[in-house]
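**Student:** Line by line, the protein sequences are chains A and B. Using numbering that gives the first Met the number 0, the first residue of the first sequence is number 0, and each one after it goes up by one. Using numbering that gives the first Met the number 0, the first residue of the second sequence is number 0, and each one after it goes up by one.
These are calculated hints, taken from the structure and not from any lab test. Bear in mind that the values here come from a model prediction, so they are computed numbers and not experimental data. Built from N, CA and C at the ideal position, the CB exists for glycine as well. Treat the hints with caution; some may be incorrect.
[Claimed, not checked] Computed, partial: chain A to chain B, Cβ under 10 Å:
#1 Gly7
#2 Thr9
#3 Tyr24
[Unchecked claim] Covered stretches of chain A, as calculated for chain B (at least 3 residues, CB under 8 Å):
#4 34-47
#5 94-105
Chain by chain, the residues run as shown.
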Amino acid sequence: MTYHFGRGRTRWLPYLLLLPGLIAYFVVALGPSLATSVYSFTDATGLPGAPINWVGLDNYNEFLFLGQAARDNLNAVGRTLVFCFFVTTIQFGIGLLVAIVLNQKLRGRNFFRTLYFMPVILGAVIQGLIWSLFLYPLGGPLSQFLGIFGLRSEFLGAQPTEAFAWVIAIQIWANMGTTMIIFLAGLQTISEDYYEAARIDGANHWQVFANVTWPLLTPSVNTNLLLNVIGSLQAWQLFLVLLGYRNGTQVLGYLIYATGFGQTSGSMVTSFRQGYAAAASIVMFVLVLVIGLSLQYILRRREARLMG
Amino acid sequence: MSATTSLKTRTPSQPFRRVGWGKIGSYAFLVVMAIIYLGPLLMLVNTSLRTTPSFMRNATALATQPNFENFAEAWEKANFPQYLLNSALYTVSATAIYVVTAVFVAFPIARGYVKRSGLLLTLFVIALFLPPALIPQFQLILRLGLYNNPVGYILLFIVNPIGIVILVNYIKTVPKELDEAAALDGCGYFRFVWSIVLPLIRPALATVIVLHAIGIWNEIILPTIYLTNSNYYPITRGLIVFQGVYGSDWPVLAAAVLMLTLPMVILFLFLQRYIVSGLTAGSVKG
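Excised from the complex, chain B in its bound form (with noise of 0.2 Å):
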């Protein structure tokens, strides 16, 4: 700190500096607000640990003598590891073929490589104002004869117009002399691509590829639209008719609920700066 700031402290003029009441305040206001987004969670997580009577008869009393089986009967009951396997295969065969597809769109771009690629890439980046696809989308897949089918089901998630403008901002940081090198020692343009450019944009990659992931694994318009059959479900979906059947029985939904947040909660934490910096790409420099 400054001298002019230690000869000021008693003038309201540091900001943020002085410990009193401002930093009481926003430690109150602070707390007020964890409570408004623990206090669900802690709800859900004490409603998991309770029997359906005592629920009842008090819904906000402490679980003060934890009852677990919730759980078993939600796993079984929901039908769980069938929708999370539905849902992990959509998740993992979507992303995987948009990325691999979306690096090869992206670097061309990135590099000029391509006639047009200023135009190419306006086009991607259109679709962002474009009108809603979901009615000719939805006609594609039914004369297609994908409708009610996984592979119809995953085409629908192979494209994604965000992630190609994260990976060619990305992509031009890469010096472009590696390529004029690489080339003289006779790699080839995919190999190139594949082996040395890939590995030297895995923040751009990750970002995208948590991005688009999270945005299949929590979707629940498409999978109600698309696919009726339940052994197609995924998770979100399977949740949905799950609490059409046990609504009413709030310790069992909630402890399928708290089955499915906790990982997601667990790899938030692992994940949240590669989210972070997708959604803040660009936004800083307007």
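Same shape as in the complex, but just chain A (with noise of 0.2 Å):
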């Protein structure tokens, strides 16, 4: 496009004013982000001064295969998938649910969209205390409720897959309030035409749903899910907040920053190890590519065929 600002020495100024934010993106961004593969080959530890040396595929091959940490770290895989899994189908199909019925003429409906999306902004640190509290085992709220049914629960202080389950729970009530804004976005798009069309062909309710709202809404559905699977692979401050690094709970970007960073707690202690951290974030890198990328796939078909 034509450039009116003058000519000669001028003409470098838009370059000149573009260089400090692209050079900060560089060096705070992307080449890091890039050097992570050099040091996934390296035995970089976090301490000031120490020798790096090349290691070749050492930290792969012990990541991924050496003993019981290898173990360890492959449940650590797995638990993200699971965690993945379940925030992604729950927070999706309760946001869809809340946006349709927020979608129709009801009183308060500004209220209640406040209300569920409020957490967004409050927070992995807010959130977990809030949570923490009202999940306080000794007679809190929740567990007065469970009472009424004769069930009782330490909560997040229970057996790992149960303490697990319940910040699959609140990563959920923090986050379901984004895929419902995106949603109620994506309904909003749609023309009254349409559903009084379907009206006219004597369609009913789960009809309407299906063959207009759902196609429809396509857009919004493939945002959702692809923010949902990617954010929840990724996700793990509420496992900081809530539970700290306990065995049987953790997930890998937590075992990313405990090994790398050195995270005590009980009897677990682990040490700055940074070549082996930075492969465990390439592992993560290429789950997460591998992951999207087959969704992007899937949708991607999916959107043809219902376009035509």
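Hints are included, so try docking the two chains, each in its own frame, into the full complex.
**Tutor:** Here it is as structure tokens:
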């Protein structure tokens, strides 16, 4: 496009002014991101001045194949997938349902929408602490509620599987609002004429949803699925706040952090093994890439089929 | 409503129009959800108003005689003023640096005033799909001597590719004739971007600022990694430390959490539309 703001030396002004942002991006984000693969072949530690040596594929070999630690690592990968599956499907389902309900002309719908969306701004620390209190095991609200049915739970202090399930629930509570908002935006783009036409044809609720709403919602469906899948594969902040680095609950993101920066929790002590943590980062990257791209592929094909 | 609708009121063929079981079911569902969303907050408020012994006796009893001492105690013991000041400093300075540099990246890319602007934009988007930068970033900050240093910590937040994309998309809606007219009037490039473009893209700017600032304010992982001196802690890290010490004294801890939650909730009511437009940007078109 034609540039109007002078020639000669002043023509370089846009480049010059763009440079700070570009350099910052290279130095802080892109460069380090690419360097992760380089570090994954070294024995780097987090200690200042310590020498860094090439170790080839040792980190990967150790992470994936050596002894009990490798089994723990693969368990963490499995747990990450389980976390991703439940968070994505439940959050997607509830978010869609809430959006469809709120898309009607109802009294107080702005209030409900704002309320469900609000946790998004609070951040993992406040979300986590609020729920730690709500799940107070000695006669807290949920403990009493379960008591009505004769049930008992230690909640976050329970067996790893149960504690893990509570983190899934809280993760969904915290982020469902985003899914809902994206669906609501999608629903509002669907013209009332389509519903009108379906009604005239005598379609029932389910038929309207299956043949009008669902196909026309495709862009929001795609966005939400990709956001939820990629987001939940990488999310672990709530684990940090709610459980700490606890055996049987670690997900891949937390594992990377704990091996790279040292994490002590109870009997577990890990050291600053940053080369190893970089290798774990690459494993996570491959996981996200493979799942993300396959999902993208499936969604594209579906979209092509629906749109003819 | 059309005549067709009123003719067919007894068939289940008008989704979401009849007042009946559908509406009642909808409200019931919304109320149940509301309880799940409000419950934890109400518990927080109630607990913060109680005394520790009475909480220990019965965790869910109502605070019939509100006790406000928890707030004073939490404020003093949690070192709140210092942490809040740190958080504000990090958030404001990093966001300011980011937004100013981002505008000068986004504008020439959106206008094609720099060569290969399409490629440049791709370069920014690509970071979202690359491996986490965590480890090399740490090595970099360490080697620069900026570990456990507020400047190093702020550096981590001066980049945000999503904001660039939002700005580029919005700037494209600003008429290009404006550039030509301003240039003819003798307006320079910098002054044009700074005093003419900037006010015109205010909605997108607000969205980018709000999203970026919230991200910094709520960050918990990076302060845990980079800041060891408690004088530098942001409020998130401070709260975790406070929980470590007062974790069993829920009324005081609840007061501390509430003092941070309330301002965020109030802020949220004002900023909601900017967050919404940031999250839905581009998502509907697909």
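**Student:** Please list, smallest to largest, the hint numbers that this structure does not respect.
**Tutor:** Of the numbered hints given earlier, the structure breaks just one, which is hint 1.
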